[in-house]
Amino acid sequence: MKVAFRIWRQDNPNEKGGFKEYQVDNLNADMSFLEALDHLNELLVLRNEKVVAFEYDCREGICGQCGVFINGRAHGPHDNVTTCQLHMRSFQDGETIVIEPWRAKSFPVIKDLIVDRSAFDRIIEQGGYISAKTGTAPEANAIPIGKEISDRAMDAAACIGCGACVATCKNSSAALFTSAKINHLNLLPQGQPEAYRRVIEMTAQMAKEGFGHCTFTGACEVECPEGISITNIAEMNARYFKAKIFS
Amino acid sequence: MELFFRKSMIAVTGLFLCLFLIVHLSANCILLLPEEVARGLYNSYSTTLRENPLIKIVAYALYLSILLHVVYALLVSLRNKKAKPTKYAVNRSSENSTWASQNMGLLGAFILLFIVVHLANFWARIKLGMGDVVGTDALGNVDVYAVTSSLFHNIYYVIFYSFLMIPLGFHLHHGLKSAFKTLGFYHKAGLRLVAKIALIYAVIMSVGFGIIPLIVYFK
Ligand code: HEM
Ligand code: FES
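Order-wise, the sequence lines are chains G and A. Quick note on the numbering used here: the first sequence kicks off at 1 and runs consecutively. Quick note on the numbering used here: the second sequence kicks off at 1 and runs consecutively.
This is chain G alone, in the form it adopts within the complex:
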């Protein structure tokens, strides 16, 4: 299989950057998309050219490191899939594949396809945790939690922080990420002591980082590898209004 990769190349945050096209053959349709990029990089090494910088860690869809914009979609042509779980069989032989880094003011490009997502870390620092005593792990069944609540909390907790929601959103809103992190903890008994402070401070940080307003286009929940529902954002709004009134 043979494709042309049209890739965004940018040496550092201050450089302007631009697209460069690479013809790659001897690809196998069963290769993962990242393996095809590895193959390209091996060719570039042999040609004494700079390799394409892209991020990954687990390559099994759980760490959230690998996101790039492929042919106009976050994480490529499929819904609810990470870039590392995408395979070359999803493309046509001879196709030109356009690869861009996530685009958002709050996610500046570091190099080529790698962006700085530390804005997410700073949102988490404002309350994406619970206060718990250290020491031996408590008995797992000491605090009973209903199935409906635990399901909703676990669905929100599935967020891997890949940034596809921000990348695909026309407003670069971080509402899906932030709401998943808030709801996951605020639904559970362990999250109650900081519940109001968490929603106020995490959303304040989200605003400070320069993310846009959510206008519910719904693009985020389609591109989210974990299928986090957009109703989480509505739930975050409800929690915000409640916190403002009662705290």
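It is worth saying that the hints were derived from the structure and are not from the lab. Positions of the beta carbon are idealized from the N, C-alpha and C atoms, including for glycine. Keep in mind that the hints are not guaranteed to be accurate.
As a list, the in silico DMTMM-like pairs of lysine to aspartate or glutamate whose alpha-carbon atoms are at most 25 Å apart [stated by the list, open to error]:
id, chain 1, residue 1, chain 2, residue 2
1, A, Lys-82, G, Glu-21
2, A, Lys-82, G, Glu-201
3, G, Lys-208, A, Glu-2
4, A, Lys-81, G, Asp-38
5, A, Lys-81, G, Asp-151
Cβ pair distances, simulated, as ranges [claimed, not checked]:
id, chain 1, residue 1, chain 2, residue 2, range
6, A, Val-90, G, Arg-122, 47 to 53 Å
7, G, Ile-130, A, Pro-53, 41 to 47 Å
8, G, Ile-62, A, Val-58, 54 to 60 Å
9, G, Arg-89, A, Arg-92, 18 to 24 Å
10, A, Ile-166, G, Ile-124, 41 to 47 Å
11, G, Tyr-129, A, Asn-52, 53 to 59 Å
Position chain A with the ligands against the provided structure of chain G, taking the given hints into account.
Below, chain A with the ligands alone, put in the same frame as chain G:
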């Protein structure tokens, strides 16, 4: 905090405008009756409204809503533009979201154009007395029916009024669904119902308002 406040203001004013549209369309259905009945009924209805002090308050709430809706929509759109300074070279947004949801500002701009012309056609003539003098009907009521009827016998106005109800429909469909979520309604089955109602509402409003000028023209 501004991220919630601005968007909530758009939602609250938008929902208020949506309620107004129901009342407005119901009243305008009078125009579909045969002329002998319609003229008297429409003019007396309009006079009743104009003379009711309560309606005055509602009218000012309406003007204020439009103003706030537009101002906050502008602020929200500006922040959103700033948050995405670089656009993608290739973007297949139609595969993950509706066109209307991606273009609410543009759709709103069409509606604003409509509102300005619409107010110039009616409000400026009837309330401010600008343009040709408006006569009275047999009962002595201001002949608003005549203003409407003469406007909708001008094919250019008919096209303008009817055509601009298409962007209105798209704006209302996304807007209604979005407003509930903005205001914190997150019940899943409830939101599915809201989505259905929003579609029905948007179709009724855009077809309803859009067809009246055509029917009056061909009557
Ligand atoms: C009859 C007049 C109008 C009605 C009934 C209406 C209704 C609505 C509603 C219900 C919303 C949803 C609020 C939310 O998302 O929470 C909305 C959003 C919005 N409206 Fe309007 N609107 C009208 C006129 C306008 C005008 C004249 C403009 C601009 C010039 C405008 C621009 C916007 C924008 C930018 C949004 C937010 C976009 C988004 O949520 O994606 N609207 N409108
Ligand atoms: S590399 Fe870990 S999710 Fe893709």
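Problem set entry | Ascending list of hint numbers which this structure does not respect | 1, 4, 5, 6 and 7
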